[in-house]
Amino acid sequence: GNSVTQMEGPVTLSEEAFLTINCTYTATGYPSLFWYVQYPGEGLQLLLKATKADDKGSNKGFEATYRKETTSFHLEKGSVQVSDSAVYFCALSPQNTGNQFYFGTGTSLTVIP
Amino acid sequence: DGGITQSPKYLFRKEGQNVTLSCEQNLNHDAMYWYRQDPGQGLRLIYYSQIVNDFQKGDIAEGYSVSREKKESFPLTVTSAQKNPTAFYLCASNKRVGETQYFGPGTRLLVL
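Residue numbers (the working numbering), protein chains in the order written: chain A, 2 to 114; chain B, 16 to 127.
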């Protein structure tokens, strides 16, 4: 079946530290992969996406590379800011199985000054 | 501005009462979704609709109902059969299979 496994949180980092949030997936074929961010009390916002193997999604200093050989889509940022504090969700959209998305459980990030 | 709106932001339900959460989009998207989010947990799919007048149950449909009479609107009713309705409810939409889902701001449902 289809599933997403995310690194357990919460994660606490100092400002300007390097961030990695691990995400691995199980899917048949070639799914599209996404990272969403959720700020307190709000809906999810798309952060970045990749639709085929070896694609790199990037936005606001965040990056993730679609690695089919390791079925991974790890989120990275070189220098986090306090404003990056949020919950991050990894998600996949399977190929040819309707419109359903599969979300990870989310990783809470707190950045301290 | 195009987007998804949800109302109300907060909703209170009394025992035995049905309540309806509104979701409207002006993105011309064909597909719409309802998710439930509990504290510290991921999203669970309640219902989704790929076209007008058609919808399918998701993973946790029991105690909920939906309608899709217009492309722009996908209201969710939380019925009295849903015994633990307290949660954050998120509506989303996308144009077609595999494309990005866009989310509304959410409705927080609380039980009195």
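Treat the hints with caution; some may be incorrect.
Unchecked claim - With a cut-off of at most 30 Å between alpha-carbon atoms, the simulated DSS-like pairs for lysine-lysine come out as follows:
#, chain 1, residue 1, chain 2, residue 2
1, A, Lys53, B, Lys24
2, A, Lys61, B, Lys110
3, A, Lys53, B, Lys72
4, A, Lys50, B, Lys98
5, B, Lys86, A, Lys57
6, B, Lys86, B, Lys110
7, B, Lys72, A, Lys57
8, B, Lys72, A, Lys50
9, B, Lys24, A, Lys69
10, B, Lys29, A, Lys50
11, A, Lys61, B, Lys72
No lab work stands behind these hints, which were simulated from the structure alone.
Check the hint pairing lysine 72 (chain B) with lysine 50 (chain A) against an upper bound of 30 Å on the C-alpha distance. Holds, because 26 Å separates the two Cα atoms, which is no more than 30 Å.
| message | For lysine 24 (chain B) and lysine 69 (chain A), compute the direct alpha-carbon distance and say whether it is at most 30 Å. | response | violated, 40 Å
### Message
Can you confirm whether the C-alpha distance between lysine 53 (chain A) and lysine 72 (chain B) stays at or below 30 Å?
### Response
Holds - the C-alpha atoms of lysine 72 (chain B) and lysine 53 (chain A) are around 29 Å apart, at most 30 Å.
Check: Is the straight-line distance between the alpha-carbon of lysine 61 (chain A) and that of lysine 110 (chain B) 30 Å or less?
Finding: holds, 25 Å
Between lysine 86 (chain B) and lysine 110 (chain B), is the straight-line Cα distance small enough, at 30 Å or below?
holds, 11 Å
Given pair status - lysine 24 (chain B), lysine 53 (chain A), alpha carbons within 30 Å
violated, 37 Å
Q) Given the proposed pairing of lysine 29 (chain B) with lysine 50 (chain A), does the C-alpha separation stay at or below 30 Å? A) Roughly 41 Å separates the two Cα atoms, so the pair is violated.
Does lysine 57 (chain A) sit within 30 Å of lysine 86 (chain B), going by the straight-line distance between their CA atoms?
Violated. Lysine 86 (chain B) to lysine 57 (chain A) sits at ~33 Å, over the 30 Å cutoff.
- prompt: Is lysine 61 (chain A) close enough to lysine 72 (chain B), meaning Cα to Cα at most 30 Å?
  reply: violated, 36 Å
Problem - Restraint check for lysine 72 (chain B) with lysine 57 (chain A), where alpha carbons must lie at most 30 Å apart - result: Distance ~33 Å between lysine 72 (chain B) and lysine 57 (chain A) Cα, so the pair is violated.
Would you check the hint for lysine 50 (chain A) and lysine 98 (chain B), treating anything up to 30 Å between C-alpha atoms as holding? violated, 36 Å
In this structure, the earlier hints numbered 1, 4, 5, 7, 9, 10 and 11 are contradicted, and the remaining ones agree with it.
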